[in-house]
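Protein chains in written order, with our numbering: chain W, 1 to 257; chain R, 1 to 296.
Derived by calculation from the structure, the hints in this document are not laboratory data.
Be aware that one or more of the hints could be misleading.
Taking lysine-lysine pairs in the DSSO-like style, the calculated list, with each CA pair at most 27 Å apart, reads [to be verified]:
1. R/277 <-> W/91
2. W/126 <-> W/145
3. W/91 <-> R/170
4. R/174 <-> W/91
5. R/200 <-> W/122
6. R/277 <-> W/54
Derived coverage of chain W by chain R (criterion: at least 3 residues anywhere in the stretch with Cβ under 8 Å from a Cβ of chain R; other residues may be distant) [claimed, not checked]:
7. 75-85
8. 89-97
9. 114-120
10. 163-170
11. 189-201
For glycine and all other residues, C-beta sits at the position ideal for the given N, C-alpha and C.
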Amino acid sequence: MNILEFKNVTKTFGGLTAVGNVSFEVEKDSIFGLIGPNGAGKTTIFNLITGIYKISQGEIYFKEDPIHDLQPHKIAQRGITRTFQNIRLFKKLTTYENILTACHDNATYGIVNALLRDHKFKGQEKKLHEKAQELMGILGLSSQKNIIASNLPYGMQRRLEIARALALNPSLLLLDEPAAGMNPDETIKLMELIKEIREHFGLSIVVIEHHMDLIMGVCDKIMVLNFGQKLADGTAQDIQTNPKVREAYLGEEEEHC
Amino acid sequence: MNWFYIKGILILSGINLLAVLGLSLLTGFTGLFSFGHAGFMAIGAYTTAVMTIHFHLPFMVALGVGGLAAALASLIIGKLTLNLKGDYFCIATLGLGEAIRLILDNVQYFGGARGWPGIPLHTSLLNVFIIDVVGIVFLAFLIRSRHGRNMIAIREEELASQIIGIDVFKYKMKSLMISALYAGVAGGLYGHYLGFLQPKMFQIIKSTELTIIVIFGGLGSISGSALGAVILTALPEALRSFDKWRLVVYGAAVIFIMISRPQGLMGGYEITPTNIKCFLFRFVKKDKKHQGMGGR
Numbered sequence: 001m002n003i004l005e006f007k008n009v010t011k012t013f014g015g016l017t018a019v020g021n022v023s024f025e026v027e028k029d030s031i032f033g034l035i036g037p038n039g040a041g042k043t044t045i046f047n048l049i050t051g052i053y054k055i056s057q058g059e060i061y062f063k064e065d066p067i068h069d070l071q072p073h074k075i076a077q078r079g080i081t082r083t084f085q086n087i088r089l090f091k092k093l094t095t096y097e098n099i100l101t102a103c104h105d106n107a108t109y110g111i112v113n114a115l116l117r118d119h120k121f122k123g124q125e126k127k128l129h130e131k132a133q134e135l136m137g138i139l140g141l142s143s144q145k146n147i148i149a150s151n152l153p154y155g156m157q158r159r160l161e162i163a164r165a166l167a168l169n170p171s172l173l174l175l176d177e178p179a180a181g182m183n184p185d186e187t188i189k190l191m192e193l194i195k196e197i198r199e200h201f202g203l204s205i206v207v208i209e210h211h212m213d214l215i216m217g218v219c220d221k222i223m224v225l226n227f228g229q230k231l232a233d234g235t236a237q238d239i240q241t242n243p244k245v246r247e248a249y250l251g252e253e254e255e256h257c
Numbered sequence: 001m002n003w004f005y006i007k008g009i010l011i012l013s014g015i016n017l018l019a020v021l022g023l024s025l026l027t028g029f030t031g032l033f034s035f036g037h038a039g040f041m042a043i044g045a046y047t048t049a050v051m052t053i054h055f056h057l058p059f060m061v062a063l064g065v066g067g068l069a070a071a072l073a074s075l076i077i078g079k080l081t082l083n084l085k086g087d088y089f090c091i092a093t094l095g096l097g098e099a100i101r102l103i104l105d106n107v108q109y110f111g112g113a114r115g116w117p118g119i120p121l122h123t124s125l126l127n128v129f130i131i132d133v134v135g136i137v138f139l140a141f142l143i144r145s146r147h148g149r150n151m152i153a154i155r156e157e158e159l160a161s162q163i164i165g166i167d168v169f170k171y172k173m174k175s176l177m178i179s180a181l182y183a184g185v186a187g188g189l190y191g192h193y194l195g196f197l198q199p200k201m202f203q204i205i206k207s208t209e210l211t212i213i214v215i216f217g218g219l220g221s222i223s224g225s226a227l228g229a230v231i232l233t234a235l236p237e238a239l240r241s242f243d244k245w246r247l248v249v250y251g252a253a254v255i256f257i258m259i260s261r262p263q264g265l266m267g268g269y270e271i272t273p274t275n276i277k278c279f280l281f282r283f284v285k286k287d288k289k290h291q292g293m294g295g296r
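With the hints as extra help, turn the sequences into a complete structure.
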């Protein structure tokens, strides 16, 4: 079963075609890699999935329901969350508050319940705190509990962003360059983390990355974009041997040298 | 200094405090600057006065109606302007505040620009105090619930809060309505304290005063807003001996705080029993450390 389906999606900004007629499917419980040179339209695809941009043409299906007309928060509530290329945490809040805020969708109490501090409020609030605590533990942030997010080391901020995304119980997680700015050691740890998250939460993951080791290491399927067009898709091996992909990354092969 | 005079200052501080609490939710916790809150105060003041004078409602009920009227007005305005981002929303509220004042200037039913004398004096120190306490407790409860946290999230990072499933527009709306409700009730108290209403009392200068208090007290701090309201309402009175220089001194005092403490008086911290304990504990610890250093 496909958890996410792109059908001939086009996005234009004025005269510029950022994403042109792209179709692909992400299988349930798989890790899907999205690669391509800078400016190929990878992040635009994430923005289209999460509803930040509206598509110009085509259709996007999530669990077989169209989602391309929904607002970002509705899409998030359906179970798609993401991280950002340039980290967007709630900077002045602590690690714990960041996660706790994101847990909000697991509770249903209204403002009146909150003002009266009744049973519904107390019970649900307790559950939210438990959930935040649990997520912190899983992502190894417990020792950073009361540190202001902007003071965390870079790698931890990335982790926190993932933790915050997981607080929504998503079924599809979009990671936008999760290893950007990480050293090789941290990248390997991140690879393990991504795999672990998939096992533990039963997620499907789409990941944009420039670290080829990471992409080739974790992804079940990879799609290559260039200038907003789909260049190729397939398994890691297919991609590595594809002449078109080599051309996009390394330039044309000269016939006589 | 007789008690009547001090009581008057306390009541005015209490009324300002209530309006500032509302604005604090909108500006300090949701990150939306408003320069039109005097407009909501005016709506609350005039509605409450109509309710007590023409409809003979009990004062507390009339205050509620006044607050709700202000909230309703904010609902309509919010629908139109909350999609505007940052500075644009700010300008829209500025225009709105002035528009409400100018409309009241021309409605003869409320006495027009000449004002409306003879409003019964129902506001007392006791009812202002009780309403303030209820207002502070409710606001604190709200901030410490998921609704409050969502509003703070919007202040911190709007895009990220959408991505974690927060309906940004809805929460801005809620924040605006609650803050207008507070302002409306404050307006109602104000009219029934002075016994006289005039559109001129709700000029842009009143809105700016409220915003200054919120920033002075520290954005994102309820105790800061409360402290700021009491200090900045009492300060001009304490400076009466400076005669015509007192507003200059007032301005200088505000500028001094802004330069020396840009995050405001409380700077996002709250005065709660646990925080006081932590603060004192840290003090004790520091002292011990110093002793240790000295011993070495």
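_Please list, smallest to largest, the hint numbers that this structure does not respect._
5, 6, 11
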